[in-house]
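Residues per chain, in single letters:
Number of protein chains: 2
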Amino acid sequence: MELSISFTGDSAKYLQIYEEIRQSILTKRLLAHRQLPSKRTLAQTLDVSVHTVKEAYEQLLAEGYVYSKERAGYFIAPFEFDWLQQVQQQNPPTSTIISNDVHYDFHNGHVDNEAFPYSIWHKLLKKHLNNNNLSTSPWEGELVLRSEIARYVERSRGVICDASQVFIYCGTQSQLQALSHFFGPLTRVGIEEPGFKRVRATLQQCGLSTEAIPVDNAGITLPQKTIHMLYTTPAHQFPLGMIMTIERRAALLQWANLNEAYIIEDDYDSEFRYKGLPIPSLAKMDQLQRVIYFGTFSKTLLPSLRISYMILPKSLIASFITFNHEQKSVVSRIDQLVLADFIAQGQFDKHLAKMRTVYRKKQQTLLTAISTHFSEEFQVIGEKSGLHIVMKLPERLSEKKAIQLAQEIGIRVYPCSTSYQHGTDDVLVILGYGGLTLQQINDGIALLAAVWQ
Amino acid sequence: MELSISFTGDSAKYLQIYEEIRQSILTKRLLAHRQLPSKRTLAQTLDVSVHTVKEAYEQLLAEGYVYSKERAGYFIAPFEFDWLQQVQQQNPPTSTIISNDVHYDFHNGHVDNEAFPYSIWHKLLKKHLNNNNLSTSPWEGELVLRSEIARYVERSRGVICDASQVFIYCGTQSQLQALSHFFGPLTRVGIEEPGFKRVRATLQQCGLSTEAIPVDNAGITLPQKTIHMLYTTPAHQFPLGMIMTIERRAALLQWANLNEAYIIEDDYDSEFRYKGLPIPSLAKMDQLQRVIYFGTFSKTLLPSLRISYMILPKSLIASFITFNHEQKSVVSRIDQLVLADFIAQGQFDKHLAKMRTVYRKKQQTLLTAISTHFSEEFQVIGEKSGLHIVMKLPERLSEKKAIQLAQEIGIRVYPCSTSYQHGTDDVLVILGYGGLTLQQINDGIALLAAVWQ
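Residue numbers (the working numbering), protein chains in the order written: chain Z, 1447 to 1899; chain S, 1447 to 1899.
Keep in mind that the hints are not guaranteed to be accurate.
In this list, chains with the same sequence are indistinguishable; a pair is considered to hold if it fits within one copy or across any two.
[What the hints assert, rightly or not] Restricting the straight-line Cα-Cα distance to at most 27 Å, the calculated cross-link-like pairs of lysine-lysine (BS3-like) are:
1. Lys1459 with Lys1807
2. Lys1572 with Lys1730
3. Lys1573 with Lys1485
4. Lys1800 with Lys1573
5. Lys1830 with Lys1808
6. Lys1500 with Lys1808
7. Lys1796 with Lys1459
8. Lys1796 with Lys1572
9. Lys1800 with Lys1572
10. Lys1573 with Lys1796
11. Lys1459 with Lys1474
12. Lys1485 with Lys1830
13. Lys1846 with Lys1643
14. Lys1485 with Lys1515
15. Lys1459 with Lys1830
16. Lys1846 with Lys1807
17. Lys1572 with Lys1847
18. Lys1474 with Lys1730
19. Lys1760 with Lys1730
20. Lys1846 with Lys1671
21. Lys1500 with Lys1800
22. Lys1643 with Lys1671
23. Lys1500 with Lys1730
24. Lys1459 with Lys1515
25. Lys1500 with Lys1760
Hints listed in this document are in silico derivations from the structure and should not be mistaken for laboratory results.
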């Protein structure tokens, strides 16, 4: 076997030897089971050190181009890869550019973009971004954060629990997935009709069957079929916004007890209630026996943080931990520590108090603007709490038409029909106001009225 | 109905009225369907404003304790909640304190805790933590990060793809879950034996069946049964550490093509290879036709960040996007933007180059220490790349015994047997060295040798 290589100055000699031999193998100039020259021989031929040849051979060996036999030397490995030649044609990168002519976005997931305490948060990031916090959190979340959340839900929602019941996730959907896997695909889940479409999608993706349970003015109605788990939003039904009555709450808990079912109480924006006291949560009434409580920091802090929590009844903890012992944390440890510190310092309560005022003003502005600019044909629904309202439009306007008319003048409002599995005759649109300024709310509503009336 | 309230100065009057009535309802002093006094009457009785009474009544109404009839007034709502009385006994918080007498932790998931560029990262956090980045990322991840990753895998691993093929997740397990839901529970997945136990657990939790496929010196062997997806770690098999030969790679790709199966290539620590060139990835050889590529920043940056990525073949993109259109991002947008910027500025490549040197030194120190302190009975396996090696112990030491002896002198080493589904006769322990200093590695190995020899 002859190997002649004209070295260039571009790369290390061993790499050039490696590449030359590799190419010879790939192009079948060197065939399977042929022996390579000994290291000493090739070193002499090429006028390089034995070490250089050794490095090249070891690389070829490591990648499987050659094999070695003890005391005999190196041989070309046998393989076939003609079929690898078909290299896929590359398309130019697809960029996701959305035309940006939206001046007023009434998105219900947006939060106020001025009030967040950036400098405090940033200081805490600096504090916790250090070499003590390099490794992953326990899968359940950081204990300090779980403890702070346990204390927070007790003082804000009356839910008495301890840190061991609190699990940190990266959003409602990751919590639903965890529960779906835990309870298994035979679990039948009742979901609100209308309700969060993402909830239905997530449960179904996990292989669980769902049953649409109608909501009435008192909240979700009692399931009539066999249901093992019921997902509900009692504090501010999504999307319709009613608050579940105490009577319905009691009835639901009784239903859950009788049927040994679980209720998932998604308290997604319970922090923002504008009139009177917060409503007691189902979890408080039940003291976490049949209720699994969902909370999130998406509305209270930043949606982009992706931090949420799930509080389980004590009776489920041991089996949930066993089931998930091979899981890993899904939230940055730094962010968890920052958030825990933020709560511990009292900053979170302070921020919440401030945001309640901010959002109350926004909501009042919205309601005033609506009553100023719209006739009584247009009804407001679900305005007692949360960061969105629903507007019921006269029948002459279809939802699609209303959204399109708004879009044409740079206003984005959101459909309610997608929250229904079985449709509705009402014409309803969702108006979130968290991310808009008072001026924008006023102007946006005036403009909407002009095209919708 | 008589309502007498002695106001205290502790809280707003309307709250005291609300609370008094609520307690009367709960204790059955006020019974269902009884009418409350009119607002005006109660205001006169209590010598407060009508507005104050109105606030109290509206709160009771909102919470469902009372109902209203038009032009008639307010009535006590009918309900039953005696069964709610059983309040669960609270146990004291369980704190997860691990006794901390570990002086040398040879954990394979730890990274160097000095070399991370904290100040650069922190500056980038400051830059991107602002009011443009409040809302959630698209579920696929931030486009800038997806683009940077596409460029990175091309220059580092020869994988040609564009941003639309890259999806951002919060760890290998979240990617496996996404794939499991997408491919569905009828998918049979081949996994490495031995292999990552978390992979098996995650797939099984999602309802998929798994088949243990033995690995030999060339990597995972060809599946003999029907398998739709094959999970493998070609660059540095976990845990044994061999590099898959080019021959085996070609054979696997051929198998995947013939069987229309997919290969998940988990390239979890491919960045750290200490001898010669990096091995071409399966994804490069196949140009992402049958290969789904997994990458992570847990080894290259910080495990605590929880950012990983999955690159899909173009043929799967449309259906994957349709399937997941109701999903939400699972990673902080701020962190995604920081990381994208970090890569774009060339800091990531710089950090990688630095870490290669750091880890190479650590590995050399480890290997030197082992050959100095241990006899030839103790063999090192899988030392060509990555952040861990496997040590094969003489049969007189059981794995359990070896780990216990180490533990007694403050050294933590990790079992290999848990990576096996069907057991092994070999006595193997895993030694990670990423998180230890050179001195700690030296001392730890010397101490280990003293108790194991």
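The hints, checked one at a time:
no.	hint	result
1	Lys1459 with Lys1807	between (72 Å within a copy, 23 Å between copies)
2	Lys1572 with Lys1730	neither (36 Å within a copy, 39 Å between copies)
3	Lys1573 with Lys1485	neither (55 Å within a copy, 54 Å between copies)
4	Lys1800 with Lys1573	both (25 Å within a copy, 25 Å between copies)
5	Lys1830 with Lys1808	within (13 Å within a copy, 61 Å between copies)
6	Lys1500 with Lys1808	between (73 Å within a copy, 23 Å between copies)
7	Lys1796 with Lys1459	between (65 Å within a copy, 24 Å between copies)
8	Lys1796 with Lys1572	both (21 Å within a copy, 22 Å between copies)
9	Lys1800 with Lys1572	both (24 Å within a copy, 23 Å between copies)
10	Lys1573 with Lys1796	both (20 Å within a copy, 25 Å between copies)
11	Lys1459 with Lys1474	within (23 Å within a copy, 93 Å between copies)
12	Lys1485 with Lys1830	between (82 Å within a copy, 21 Å between copies)
13	Lys1846 with Lys1643	within (18 Å within a copy, 50 Å between copies)
14	Lys1485 with Lys1515	within (14 Å within a copy, 99 Å between copies)
15	Lys1459 with Lys1830	between (75 Å within a copy, 21 Å between copies)
16	Lys1846 with Lys1807	neither (30 Å within a copy, 64 Å between copies)
17	Lys1572 with Lys1847	neither (49 Å within a copy, 43 Å between copies)
18	Lys1474 with Lys1730	between (74 Å within a copy, 20 Å between copies)
19	Lys1760 with Lys1730	within (14 Å within a copy, 49 Å between copies)
20	Lys1846 with Lys1671	neither (34 Å within a copy, 52 Å between copies)
21	Lys1500 with Lys1800	between (69 Å within a copy, 25 Å between copies)
22	Lys1643 with Lys1671	within (21 Å within a copy, 39 Å between copies)
23	Lys1500 with Lys1730	between (71 Å within a copy, 26 Å between copies)
24	Lys1459 with Lys1515	within (25 Å within a copy, 93 Å between copies)
25	Lys1500 with Lys1760	neither (62 Å within a copy, 40 Å between copies)
Comparing the model with each earlier hint shows violations of hints 2, 3, 16, 17, 20, 25; every other hint is respected.
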